[in-house]
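Assemble the complex: chain A is given as a structure, and chain B must be docked to it using the hints.
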Amino acid sequence: MLENAWIIPLIPAASFLLILFFGKRLPRKGSEIGVAAVGLAFVLALVVNVQWFHHVDNAGERSGHSEEATDDGWFAYAPNTNVAVTSDGHELTRAELLELTNKVEPASEGEHESVAPVTKDWTWFENGDKDINIGMLIDGPAVMMLFVVTLVSLLVHVYSTDYVAGDPRYTHFFAFLSLFTASMLGLIMAKSTLQLIVMWELVGVCSFVLIGHWWEEKPNSDAAVKAFITNRVGDIGLLCGVTILYWSAGQTFDILEINTLAVNGGISSTALTVAAFALLAAVMSKSGQFILHTWLPDAMAGPTPVSALIHAATMVVAGIFMVGRLYGVFFQGFDIGISTVNALAIVGGITVLGGAGLAFVQNDIKKVLAYSTVSQLGYMVMALGVGAWTAAFFHLFTHAFFKACLFLGSGSVSHAVHSFDMKKDMGGLKKWMPQTFWTFMIATAALIGIIPLAGFWSKDEILAGASQLGGDGNYTIFMVVGLIGAFMTAAYMTRCVYLTFFGEYRGHGHPHESGPRITVPLWILAGLALIAGAANIPAWFPGQGSWELRFEHFYEPKGAYFPSALASFEVPEFDPKIAIISTIIGLSSIGLAYLYYWKDRGPHGATERYRIANAGYTVLANKYYFDRLYTDGIVAGVKGPVARAAYWINQNVLDGVVNGAATVAAATGRFVYNRIDQGVVDTIVDGSGSAAEGGGQVLRQLTSGKVQQYGALLFGATAIFAGVLIFVV
Amino acid sequence: MDDLMLNQFLLLGAVLFCIGVYGVLARRNAVMVLMSIELILNAVNINLITFGAQHGDIAGQVFALFVIAVAAAEVGVGLAIVLIIYRNRHSVDLNDVDAMKG
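Taken in sequence, the protein lines are chains A and B.
The first sequence maps to residues 1 to 729 in the numbering used here.
The second sequence maps to residues 1 to 102 in the numbering used here.
Accuracy of the hints is not assured; some may be wrong.
Stated by the list, open to error - Just a few of them, taken from the derived set where beta-carbon distance is under 8 Å, the chain A residues facing chain B:
#1 640
#2 644
#3 703
#4 704
#5 705
#6 707
Quick caveat, the hints were computed from the structure, so don't treat them as lab data.
Cβ coordinates follow ideal geometry from the N, Cα and C atoms, glycine included.
Bound conformation, chain A alone:
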């Protein structure tokens, strides 16, 4: 199955076409095809996972066999010169570097024996003597994403059969859910950067369609357009980055080759830095990083299952995945291994705090969760920025479960109260909706990072990575950012839970618990939010035997195309001090929020009393003025001056020319009119007019409107021309 994993994206793709063409005629309007297809893809993804585990476990034996053949040519990494040298000192050529891609490293480093990725290539098209390939690249991260995407998508499909039931475009909705899943699966298996771009754009198009699913209302279609346009900004970065990499890596789109060359010094460091910055723009737009995050909260206009899919498994994690996929480029381009601060980590750090801050002032439950996603994505980017690859992907893994659970839970709530407004229409729902309440609580605890839920382990690994990795001074500042972020996360989620589930019910009518097709996916996701942390339990804990760090063991790529295969790279270790500090911070934050909301202590009404608090609130309520900046600053800034300049040129330059020309023209015109026009031209015009009329009268007879007369003319003319052809020519 590993060799044939390319079938998995084709299943939902086929389902998209089937639903589109036959969906409306089926008893369940096409949803059964979608659920069945994604279910099948999920089963196959499980099979691929199991086989991948065997593949990884057998890799050590295989590298043992080939040890003799390879240990003379292995090279030492020299971080300062950025050039790979062999043990006898000569620089490697490009061809020699590329051989490393498939070479198996000797198992002397223990944990770092390499695992060959499973690949497949097909020629897409040929241009000159250059073959452009598409292919399949199955390695740790791809296998992990296969599992996450198919699982979340399956649950979202099941959930949607209830949630969007009765929608006029029900079939259409399921068709695009399938395409969305298919394009994301295609993206995670992409072997070439070109394929990556195609799938990346497909994901964007699907999100556009689904966010604007209810396009009859203007805000929804506006949100869809905004998501699409904002992503275009970053896509330019992606195009630039891929183009730079194509030329600097010696005309190749192959991700493995690019990574191998980047990691081992086959690409100049300037090209890598420029490419990494260009690709960073793409990550910022796709994964909702500051300053291109503004589309993400607006994307809440879409149906809630779509929000869950976008935030947990498909759209926004595409950016994170792309960084992890081209990690060699980012690692070398930003000097992640040896620097103390870099653009990737800074963008992530700002996003952690900025997103969390915005989550405080939202009254719409989905927007709280949206900004929470922005903040959590910031954690992932920050982790990648400090070099903690595994921590970032582990957080992606756990975040997918609890964030999907939270979103689906918010959908369940809104299904009951027909609103998303926490302050107006919710409150006290604990009593009415016990199942939604408990799953929401579990997912919230996982997000806050309460031990032993999933979020604790992944967030802690990021913090440990930030404190331990990096060059001379470490990335300690980002650990502090992460801790502050953890504090804010706990506080805004407590506020959200309080407003939704506690206190008095403020809406109308009697809310009711949702049906099983909504609650069962919630419970599955809540269960995973409980236990997913066990996938990467650190070695520090005694008594868990061979279960330690399984996630890292199976899913972290090992080989010459991935920077952690280098001797200089270390994996963060579990640090009990950080774990205890972050837990204390999280709990104290919950405690403060508890006092504030439940016990009514603390500075209530501060925004009315203190000017500085009010100013802070205003800034947050206006989303740091980013939207204002884009519409008034950039759009109007470009539009206004251009319009004014055009007006000025119009009034002064063009009008002057026109007026002058008009005066001359008027004088000339009078002369011409009196002498030439009246005398000469009129005669000609009148003559040609009557000639035309006469001719028209004659020709009019021809257009009788009788088809056969036309046909006779046609055949007659053809016969004459044929005669000319035969007898004359």
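Showing chain B alone in chain A's frame:
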């Protein structure tokens, strides 16, 4: 295939073509016109196959197959148009259909 056989087939094609052209130009009934068009197309088919056999080339037959397929589609559309004309005007006489008269 010798030249005598070739001539016979081409003659058949030409005769068929002329009958078709006559039908297209002279018949007043739209259905008959469509049938005549079929005759013209089949005359072409005969020519294609004949020359294909003459040159020992399969392409002639392939083209003939294409023409047959296209003719089927064409007659489908044509009959649909005729049907709609009949519904609107209760006649398929081409002399009645002169809305394009100048």
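Results for each hint:
no.	hint	verdict
1	640	violated, 53 Å
2	644	violated, 53 Å
3	703	holds, 3 Å
4	704	holds, 6 Å
5	705	holds, 3 Å
6	707	holds, 6 Å
Checked against the numbered hints given earlier, the structure breaks hints 1, 2 and satisfies all the rest.
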